[in-house]
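A.B. asks: What follows is the residue order along each chain.
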Amino acid sequence: MAERATETEFTLDAPAQSAAEEHGPAIQGRSPWYLAWRRLRKNYFAFFFLLLFLLIVVACALAPLYASHVAHTGPNENHILETVRVNGVPTDVVSPGGVINGKLTPSLPIGPTWFGAGGRFVLGADGPNGRDEAVRLLYGGRNSLIVGIGSSIFCVFFSVVLALLAGYFRGTTDFVITRFFDVMFAFPVVLLGIALGTALSISGFQHFGISIQAGSLWIPTIVISYVLIPYVGRPLRGQVLSLREKEFVEAAIAQGASPLRVMFSELLPNIASSVLVFFTLIIANNIVLEAALSFLGAGVQPPNPSWGTLISNGRDFIVTRPWLSLAPGIAIVLTVLSLNIFGDGLRDALDPRAKVKVEL
Amino acid sequence: MNRKNGWKLPLAAVALAVGLALIASACGGGGKKAATTTASTTTSSAGASKSFADFRIAYDTGIDFLDPGLSYTVQGWAIMWNVYLPLLGYKHVNGPDGATLVPYLAQSMPTVTSDGKTYTLTLRKGVKYSNGQPVKASDFKATIERDYKIDSPGVGFFGGIVGASDFAKTQKGNISGIVTNDSTGQITIHLTSPQGDFENILAMEFAAPLPASTPAKDQSTTPAPSTGPYMIQSYSPNKQAIVVRNPYFDASMYGGNVPAGNPDKMTIDIFGDASVALTRTLNGQEDYDFYQPPNDRLGELESKYANQIKLYTPANTFYFFMNTREPPFNNVKVRQAVNYAINRKALVRIYGGLATPTENVLPPTYPSYAKITMYPYNLAKAKQLVAASGTKGATVTIWGSNNESRRSPEATAYLQQVLKSLGYNAQLKIINAAVYWTTIGNQSTKAQIGFADWFQDYPHPLDWFDVLLNGERITQTHNNNYANFNDAAINSKIDTLKKEPELTNSVNNQWAQLDTEVMKQAPWAPYINQQGIDTFNSDIDLSCYVFNVNYQFDFSTICKK
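So the protein lines, in turn, are chains S and Y.
Residue numbers 1 to 360, in our numbering, belong to the letters of the first sequence in order.
Residue numbers 1001 to 1561, in our numbering, belong to the letters of the second sequence in order.
Hints listed in this document are in silico derivations from the structure and should not be mistaken for laboratory results.
Check each hint, because a few of them may be wrong.
[Said to hold, decoys possible] Just so you have them, the derived chain S footprint on chain Y, three or more residues with Cβ under 8 Å: (1) 1344-1356; (2) 1411-1421.
[Stated by the list, open to error] Derived DSS-like pairs (lysine-lysine); straight-line CA-CA distance at most 25 Å: (3) Y:1371 with Y:1493; (4) Y:1371 with Y:1345; (5) Y:1446 with Y:1149; (6) Y:1117 with Y:1493; (7) S:103 with Y:1345; (8) Y:1304 with S:103; (9) Y:1310 with S:103; (10) Y:1136 with Y:1117; (11) Y:1217 with Y:1136.
Here a beta-carbon is modelled for each residue, glycine too, at the ideal position from N, C-alpha and C.
My request is simple: use the sequences and hints to build the entire structure.
C.D. replies: What follows is the structure in structure tokens.
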């Protein structure tokens, strides 16, 4: 029998040596990321909702294919005076209304044809303009997701940068950045979004050499990312401040690492898990905020569809055609729910308290 | 499955079910029959007063101002008609007689010199503002001068007064053509040339006297003292306006021309949603819905609430203006192309069928109307004209308001598709109705094309051609000639016809010819004359309903059962 290492000769290699002597399996180190992935992949619930979210994204991404090959119309094409054959019966896309034979007669858009019209108007028409609701739902999802994900990317990027700068440099830099956060916090998010969105939707953004036209999706993307920066930046700043005091940071500084290197090589990896979770959860939040701003006319501008504008447009027919508002509403619910549940699962998987420990 | 997450699936399912149930319950069900109102009412018997406590109105978002010097919308004037009295006004009656001018603050109709250039009126004695201050003759002069100082959209109506154009340029001194005497109450107005519609102009809200001390800035939210049976107690833009009785108004002074009014108070609640406004009215939470009902609820109104609605046809024209100063619409071929390309039948359907298609400036209710059929729907011809103009591919921004009553978002969305089919890069810009008119009426906006509508101020072709299409009345701000149409021959014709004291057959024929001449140059693409529906809750006695040809439904004369 090999001589065991004595307590005084204990090294970190001791467990591996013991395992080799006893012909046991080799001990392999696992990174926190691998362990997180292992925890996540066992969370079938979170994965189901990730799959649902991806399904929604793919469906919306394929909107042009649906529009050209199934519905044979674009999202903004009017079909006011057209008729379609629904199960062989010619039907007005928008029925004539007014005073007919002495009676007030409603003018109604066609209801769902459920593929009875060869793929046209599957969910009916959206209103007096006779636009295909299903096509607009998919295109609206594209716009909502583009704005939601795009604004999240910008929001998280700028939040991380500001948090790193504030947390690393502290002092005046931290003071200025934190006061910026405080000013932004003072404004209710929706009201600030409405104010900025409305102002920019009229004349666009023509400053600092940047030119963005009024109807561009960049406007709601920038507005939403801007108003939510402090909500991500502040908690990250707190984490960076805490990490800043750790010995490994001091060691890096003592070794002559530049501030940029310390921030991006030492601090950033340690807040990466939080950033990832924030990113996932804030996409859901931004999709809801975009819907709210578009509903109020301060987000995606007509006639471009988004889930928020579709809910708003459907109000005119809420009594006789409630699905015009319900369908985009349900789409928002499913998207946000799936992102939130997956985000929760991701957060559980990335819990730092579950990191590998050396056991003696 | 991770035990930690074991509870999440059932919880998520329950949350989803609850959410869907809440959405479904909010959407379900039509309106109930109108409930008993909470406002107390005076029991009505033969010969008794028809007054009642509170007339609750569901309003749309189209109020621009509640300052008589600035407001130029149906929404604003419908409220102010019974608040700020001009020297002259209209009878509060149904039918064509509602266009009859009668003295309001003036003792009698003006005496006019034989050359038609001097009008003399005398103020009624004892008239007071709602703050107890007596109304003076000099207040009228100060009011007109204030209109110029605040850049009122109505100043063009007073351009014919001697000294007005000088005052407009310098805003110093005073308008020499208005002479007043506070001790006798006499007001004398000298015109540079005769003007056939001047008495109608004196009946406009822009000419309603305000105290001379009224600041030369928007008084919408700090309402100026009023002379009418009502005063504006408060106004929160886009939220609510409260109108109450003017304690210093004495109906007996007006010989029946200005009724005291039946409601003691009017609560005007502003909603951004036509369906909400209608549902609240049918449920009894409001008494009257100012909105046009959503297209899909017409069947419900007909079948369940037929005795609570009034269908009316106001003198109006809906049109797309085309700015003749801005490319590509500075090219007449493009403007004519737009007229050929829009299918007016489709636009009628957008308005729920409650409209008639038109290519005219004037509405068909006018004796000077002669139907124009120059632009039958012809997309191929429109494309030929665009090709000939060499403007295909140009970027065009279409302006529209978010006013649901006027279907502006839908009409402009249709126009966008039409312009795209003509090969233009058409963008749509929808802005809030409350700021729409001042935005497109500002030359710095350079609005190329957009939605517009016009409801007559008074029944005279001058109110259309002179206000909307006379190049001499183009202004930098608060411009009403959105097309910036400025044709010297047409301006001259308008100025000539303006001097005609009466609308004889010959004069009407000339106006009809002018309509055709204007449409040959196509500064507009007129598309419909809209019909309207007034909806009331079941407590309202529609035998008291008065629809005035200028001011539409009269809020003051309505009564309750």
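A.B. asks: Hints first: check each against the structure and report whether it holds.
C.D. replies: Against the structure, the hints:
Under the rule that three or more residues need a Cβ within less than 8 Å of chain S, the assignment of the region 1344-1356 of chain Y holds, with 10 such residues. Note: the region 1411-1421 of chain Y has 4 residues with beta-carbon separation from chain S under 8 Å; the three-residue rule is met and the coverage holds. Distance hint between residue 1371 of chain Y and residue 1493 of chain Y is fulfilled; the C-alpha atoms sit about 20 Å from each other, no more than 25 Å. Our distance criterion of 25 Å between C-alpha atoms is met by residue 1371 of chain Y and residue 1345 of chain Y, whose separation comes to about 16 Å.
About 24 Å separates the Cα atoms of residue 1446 of chain Y and residue 1149 of chain Y, which keeps this hinted pair within 25 Å; it holds. Between the alpha carbons of residue 1117 of chain Y and residue 1493 of chain Y the distance comes to roughly 19 Å, so the proposed pair stays at or under 25 Å and holds. Distance restraint check for residue 103 of chain S and residue 1345 of chain Y: the Cα-Cα separation of roughly 20 Å lies within the 25 Å cut-off, and the hinted pair is therefore satisfied. Restraint check for residue 1304 of chain Y and residue 103 of chain S: the C-alpha separation of about 12 Å stays at or below 25 Å, so the hint holds.
Among the hinted pairs, residue 1310 of chain Y with residue 103 of chain S is consistent with the structure: their alpha-carbon atoms are about 13 Å apart, no more than 25 Å. A threshold of 25 Å between alpha carbons decides the hint, and for residue 1136 of chain Y with residue 1117 of chain Y the separation of about 23 Å falls inside it, so the pair holds. The straight-line distance between the Cα atoms of residue 1217 of chain Y and residue 1136 of chain Y is roughly 21 Å, inside the 25 Å bound, and the hint therefore holds.
When the structure is compared with the earlier hints, no violation turns up for any of them.
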